[in-house]
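The chain contents come next:
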Amino acid sequence: MIEHGSLALRRPFRERSFGLARKLMRVNWLFVFCVCLLAAVGYAALYSAAGGSPEPYAQNQLIRFCGALALMLGIAMVDIRFIAKLSWPAWVFGVLLLIAVLKFGHVGLGAKRWMTVGGMEVQPSELMKLFLAMAMAHYFKRATPEQTGSPLFVLPAALAILVPIALILKEPNLGTAIITGAVGATVMLGAGVRWWWFAILLVAVAIAAPVIYTHLHAYQKARIDIFLNPGSDPLGAGYNIIQSKIALGSGGFFGQGFLHGTQNQLNFLPEKQTDFVFTIIAEEFGFFGSIAVLGLLMCIVLLAYYTALSCSHAYGRLLALGIATNFFLYCFVNLSMVMGLIPVGGVPLPLISYGGSALTAVMIGFGVLMSIHVHRDVEFPEPVDF
Amino acid sequence: MRRQAKNRTSFSRRALLIGAGQAAAFAAITTRLYHLQISEHGKYTLMAKHNSISERLVAPRRGIITDRFGTVLAGNQQHWSALFVKDTAPEPYAVLENFYRLVPVADAEKLRIQRDLEDHPGYIPVMLKDWLDWPDMAAIEVNMPNLPGVVVQEGSSRTYPLGPEAAHTVGYVGRPNQKEAMQNSVLALPGMRVGRTGAEDADDLSLRGEPGFVQTETNVHGQVMRVVAQDSGVPGANVALGLDSGLQRLAMQCLGEQTGAAVMLDVATGEILAMASTPSFDPTLFDKGVPEDIWNGWINDPRHPLLNKAAAGLFAPGSTFKPTVALAALKCGALTPETTHTCPGYLKLGDHIFWCDNHTAHGTINVVDALKVSCDVFFYKTALGTGINNIAAMATIMGQGVNLGSDVPDVQTGLVPTLEWAQQHEIHWAEGNTVVQGIGQGYTQLTPLAQATMIARLASGLSVTPHLNRRIDGVLQPKSVPGAAPDLDVDDRHLAVVRQGLFEVVNDPAGTGYGARLTIPGVQMAGKTGTAQVHDNTAAEKAINFNDMTMAWAQRPNAWFVAYAPVDAPRYAVAVLVEHGNYGAQTAAPIAHDLITYALLNDPAGRDTPLANPPPMPPLTVPQGNGA
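Chains as they are written, first to last, in my numbering: chain A, 1 to 386; chain B, 1 to 628.
Chain A extracted, bound-state conformation:
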């Protein structure tokens, strides 16, 4: 047993990495197709946002997407076991980036969340979500039900989630902080951590928040209001949300027609090409077009779940669940904000909104997801059993 185990630790002969061509064949091309289709929808929306011109948004975004697509396929070729080894280093790197952005980053839309690295705008919090999911998957990949039921075993993982959340809250970026927490929590749930722990935590926060809020001074409330809704409302109370709802509502069933949305073309929404890009689709293509885009987003989430369920190793399963949830939450938070369901700002609609940082982060996540899919049948070396 010991001989065999130590041998396996040193050289996992049985599952040597297979050739590049075979790997490419194992990529889930339906998933890649859906991603490209969504990017095409994004191109149309950005073309319309510029009043019917590829400049200045659509053209740029297309170039970025092509680069990100190449990056995604590149990552898909990397052995998942190698990626697994990077999990904790990535988490540390992500935390360092978050600290760096607080120290050296610059303010955009009311929050200090951007950093320029080699001429590129980077939002470390976007990458942190992926790194956190990787760390969680790595931590729980061999956890027994006994371990996941033990608070002592779960506590370090909870700390690993809370550290980046605290840093992101300090930016402040509540939306991304909530998504980060939810992604970490989902991986923990998938690993078998007890449901009711999360339920208790949620109830406690829900009860405490308003009580604390009502006991604050006015200036503190104002500060929290800004904190809840950073930079999303430069024109006054609820302006963006009202304009966004008008854009959605005036779309009707079939919309006002491509390039004919009055809300869009007359610029009632400032910066509509970023967070509020969905309003363009909804206004110009109506309920019909909105449902089609929603369906496409759901397809991508579903295919990510398919990867998670068909994976033979726990690391891949948990990480795929985290990536699927991350993408889902992006869409959900953005759409809820656009429809006036939640007052949180600063979350783009992935693959459609204009901007390179979120796009790159999402595509890196998809690259890892595809790596899981390609390497779904590999065996992870068992640890030495003493």
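Each hint can be trusted.
DEER-style ranges, computed between Cβ atoms:
1) B:Ala-28 - A:Lys-103: 38 to 48 Å
2) B:Gly-233 - A:Phe-93: 44 to 54 Å
3) B:Thr-9 - A:Ala-208: 32 to 42 Å
4) B:Ile-38 - A:Trp-88: 43 to 53 Å
What the hints contain is simulated information worked out from the structure, not anything from laboratory work. This one's a predicted model, so the numbers in the text were calculated from it and none came from an experiment. Glycine is no exception: its CB is placed at the ideal position from the N, C-alpha and C atoms.
Based on these hints, arrange chain B on the given structure of chain A.
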């Protein structure tokens, strides 16, 4: 292994539950979307129409037109106007009623406002009243709460400092008509003007600029709460014409009360230094709208004040056509410098007699002398020898009766007949038609601009094109670059012969233009007189050698003079036409003399800044107070 399988089952169960939760969330989003887009569609469509943020486009500043030295020919003047943005008013027609109660508006204007409101989308502001005076302004400001959607905007109107003195050349602007505004919604903006004639028309697109916008947030009363965004657009380009306003004013002054036109060109580039047409009109009236009585006066005036006679007036060129005939004859060999013809005072062709001017018998003369004394019989015979098509071909080279590709709007091409033209128009072309062609009568119709082009080309030997623009936004236009004009396709020796003839016209005591010779020392001018009949004299009139001054004004001949100077190195060419001015030497030549004198003393050609200390201008030779 068993543990792993158990873990996997547990994971699958939990993943499916989480996935189900996410699917439920998507379903909730879909429900919300259905609620917003389908159930409340009507409500939000209404809100979209009454959006509280309104964008108002702002007309750009129209470019300024100056002469070559920067003297403003067309400028802008501030004024205030009341606009109405229908979309920002809850009850637009009630607001209009309130406005009409405060500010008097003519019924015709009310109809126009009504039409504008129906024609254009509600976010395009409609002009309610332009040129607000102080009582109107005060009334509007005080009653602003009752006038949601009404905006008082600073605008600009067009001014023409030279007024009637450059009206035809600079042109004027007007409000875009309904069709133009429908085709280009930018033109629907209040304050936008479209060039109608002259440089305003020729350079309209350069002068227009691009509109800016003001985005304002308004409350339910339509009052502007704040400006959200603002962009002043791109102002129109400034255009510097080749005109010298001093020369232009002198030309108008010299023409005075007479009806006529004068064009002066830079012979090296074809730049128009002056282009005058009389009588003229006040171009500022067009911006505000011309009062009906004044308009009717212009339309019914037999002297056509609105017509730019220099570019669009067609006249028989008379004897000023003789240089072209001479060049055509020299080219086709019908004439050599030594060829002589004998003039007994008339030419008998069949049973028809063609008289020489004043029945004078010039004897046996060559082409230089024939030009000098303007012998008609010599040119009758020359035309017969040359043929009508050869004459027309030379006219084309000289820029007569052809499209010059000039930037002057509304130019008339004129006509120099050919046999093909006669055939097309079913005219029987007799030899007699060719005979009168030799002295620029008959079917030949040319503009003063074409005649100026002819004399400029003859003087410089360059195929110059007359043009108005010198600089746009400070950039020298290609045609104004010295050396841009191609060489004229005429033999230099032939040009020399004709130039000698024109030199003697002015500088030989026997020449028809001797009275117009220059008085400034050391410089000479060359020219050609023309007296073109507009009335077919009866045999009785011809027999008594009638005095033209006894005829009614409208039947007197048109007086022409074309000239260039200095003769040794030409810089300026001029064509002057005085309608019904009788003899060219009598009325047109003095004007050409004064214009050439001014041009030589101030030397504007090729300059962007005036000469620092020009020599004083000698007294004008134009007889004042003549004409109709």
